[in-house]
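We have chain A; now place chain B onto it with these hints.
Chains A and B supply the protein sequences, listed in that same order. Position 214 of the first sequence, counting from 1, maps to 214 under the numbering used here, and the rest follow consecutively. Position 242 of the second sequence, counting from 1, maps to 242 under the numbering used here, and the rest follow consecutively.
Calculated from the structure, these hints are not laboratory results. Keep in mind it's a predicted model, so treat the numbers as computed, not measured. Note that beta-carbon positions come from the ideal geometry of N, C-alpha and C, so glycine has one too. Treat the hints with care, since some could be wrong.
DEER-style ranges, computed between Cβ atoms [what the hints assert, rightly or not]:
| # | chain 1 | residue 1 | chain 2 | residue 2 | range |
| --- | --- | --- | --- | --- | --- |
| 1 | B | L256 | A | N243 | 34 to 42 angstroms |
| 2 | B | L43 | A | V188 | 16 to 24 angstroms |
| 3 | B | Q85 | A | F184 | 46 to 54 angstroms |
| 4 | B | Q238 | A | F17 | 18 to 26 angstroms |
| 5 | B | Q219 | A | H64 | 19 to 27 angstroms |
| 6 | A | D142 | B | Q85 | 18 to 26 angstroms |
| 7 | B | I237 | A | S238 | 45 to 53 angstroms |
Here are the chains, one letter per residue:
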Amino acid sequence: MGQKLTSIINKTLLILFFTFASFIVLFPFYVMLISGFKPATEIFSNGLNVSMALDTLTLENYIHLFTDGKEYFRWYSNSILITVITTIGSVILSSFAGYALAIYRFKGRNLIFGLVIFLLLVPVDILMLPLYRVMIFLGLVDTYAGVILPFIVTPFVIFFFRQYAIGLPKEIIESARIDGCTEFGCYVRIMAPMMLPAFGAMSIIQAMNSWNNFLWPLIVLRSNESMTLPIGLASLISPYGNNYGMLLTGSTLTVVPILIVFLFFQRYFVAGITMGGVKG
Amino acid sequence: MVLSPILFIKLCKGGNTMEPQETSTIKVSAKKRKSTENPIKKLIFSQKLAPYFFLTPFFLVLLIFFLYPIIELFRMSFQHILIGQTEWVGFANYKQMMNHHFFTAVKNTFIYTFWIIAILIPVPMALATLLNSKYLPFKNFFRSALFMPALVSVIVGGIFFSLMFGDTEKDFINSLLVQIGMEPQQWKLGAATGMFLMVSLNCWRMMGINVIYFLAGLQSIPNSLYEAAEIDGANTIQKFFRITVPMLKPVTLFVLIISIFGGLRMFEESYVFWKNGSPNDIGLTIVGYVYQQSFDYNAMGLGAAVSVILLLLALVIGLFQLKHFGAFKED
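Excised from the complex, chain A in its bound form (with noise of 0.2 angstroms):
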């Protein structure tokens, strides 16, 4: 009996304490959700806060941005543009140096794959003075190209991809091979399906650090017309407060499409974090 009274009491506990925890997360996604339906010129001259009066909800400021916000919808789309490319790109280009790596023994195997471990300890951004160079050099500044080249392998990725082949049995190919598929067609036909779970992954993964990256498309993005999400709306902020209503809403809309895949494909996430590590 006793021992009953105390899981009950235990149960509630951690209820308790979880939903509030989960409340005080979540709370500055409400502020932002409601405060993008109050009249910007409540939110400029009473600063923001929790306060609903039902009667003076607007869709003033959607109405706003959908309108006036021809410019917003440009960074959306190239956000949605690069994130995409970048996303395809580097997890299949990636995954092909992790298969090489993880299945054929060839000389320098071991030391490509010592460069992969190096590369993983060089974050980006330290490089981006000379690599800023690099893309005035090839004519890339300010071109999609720019930002996504130096993202298309992602030494992250092919270590992924190269722990997650090994595991694979090798024995599928030798029989293709004498039934007469070629190296590349054992890859598409036969490998590339059973890493399907690691394709998954590694795509939530990337996806996640393509749109929300910022330092390296801050370099090189230079005219309005070309930004992406995060430094067009790094652009808005000003300490004058007169641009509250595009900020907010389109802060809340650049969140939307994210939650929905994380909703849709939560186990992903997590395998993706638990078997990999994210960036930043």
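Just chain B now, with coordinates in the frame of chain A:
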């Protein structure tokens, strides 16, 4: 970046899943393979060349976007760079680096990193342990809730925070302070409150991720240890400090290292509050200093010199990590 706790745990336990097995059958069958194609085509499609084809994109990116820039970074740090002309200046950039802006940047970066470590290791560890409790229902829900801020970019999160921590009495956090009888704060003007903003923004975003790391680590602790402890009459607190904490050591080290890396390259948390100019440098970080010097003051050589220092620091920490885990002893 860096490596997964799960892999580490496996590796530390001496698993040999790392090593690709060389199967001699591969070679034999390659020889057996009958082919009527011409020799060049045969070579191109051969097993010998295949890995190099697969690695070509990596080689290109490696050379253009990593190795060359690393060399160029060292070169730049000895140059005075203006548009169209560069001049060798020896160690002048390194000497110029010794100024109070740079020292403030280093100080801020270290203080920031210290707080991140002091908060983002013990708190998520405790949260994960509680979340793992057999008494708690709706585990997935709570885990997802804690994780959600991680989906938000630093900039967007920073915009939420900027607005909540506004300077007037009516802004949300200040209005709470006033209610409990405290003075409203000018959050973005003081060194301590500025640091508080940056640290809390990062903690808000990273907490859920670290909780997931620790949760993963907890799954690898054998239940028998806890059962044995229970038989010996250990209470919950004792079990936590005597079993959970020591058994989580690999994950803790992993989180420690990513926290140090994250702290060293911190930039956005400061940029979102002050752009590149904070009052009295209260938000200046090392990467922020590099950015400011290089792109606002056109002193790329100085920026490069600071980057070199940062690169060396990152490598030292990284090598320590590799050495500690001993994960990559080849063959």
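Exercise. Honestly, do Q219 (chain B) and H64 (chain A) meet the 19 to 27 angstroms range at C-beta?
Worked result: The hinted range 19 to 27 angstroms is violated for Q219 (chain B) and H64 (chain A), with Cβ atoms some 48 angstroms apart.
Exercise. Is 18 to 26 angstroms a correct range for the gap between the Cβ atoms of D142 (chain A) and Q85 (chain B)?
Worked result: This hint holds: roughly 23 angstroms between Cβ atoms.
Exercise. Is it true that Q85 (chain B) and F184 (chain A) lie within 46 to 54 angstroms of each other by Cβ?
Worked result: holds (48 angstroms)
For this session: Given the range 18 to 26 angstroms, decide if the beta-carbon distance of Q238 (chain B) to F17 (chain A) lies inside it.
Result: holds (21 angstroms)
Problem set entry | Hint check for S238 (chain A) and I237 (chain B) - Cβ pair distance inside 45 to 53 angstroms | About 50 angstroms separates the Cβ atoms of I237 (chain B) and S238 (chain A), which means 45 to 53 angstroms holds.
Exercise. How does the Cβ-Cβ distance of L43 (chain B) and V188 (chain A) compare with 16 to 24 angstroms: does it lie in that range?
Worked result: Between L43 (chain B) and V188 (chain A), where Cβ atoms are some 21 angstroms apart, the hint holds.
For this session: Determine whether the Cβ-Cβ distance between L256 (chain B) and N243 (chain A) falls within the hinted range of 34 to 42 angstroms.
Result: Since the Cβ atoms of L256 (chain B) and N243 (chain A) sit about 39 angstroms apart, the hinted range of 34 to 42 angstroms holds.
Of the numbered hints given earlier, the model fails hint 5 alone.
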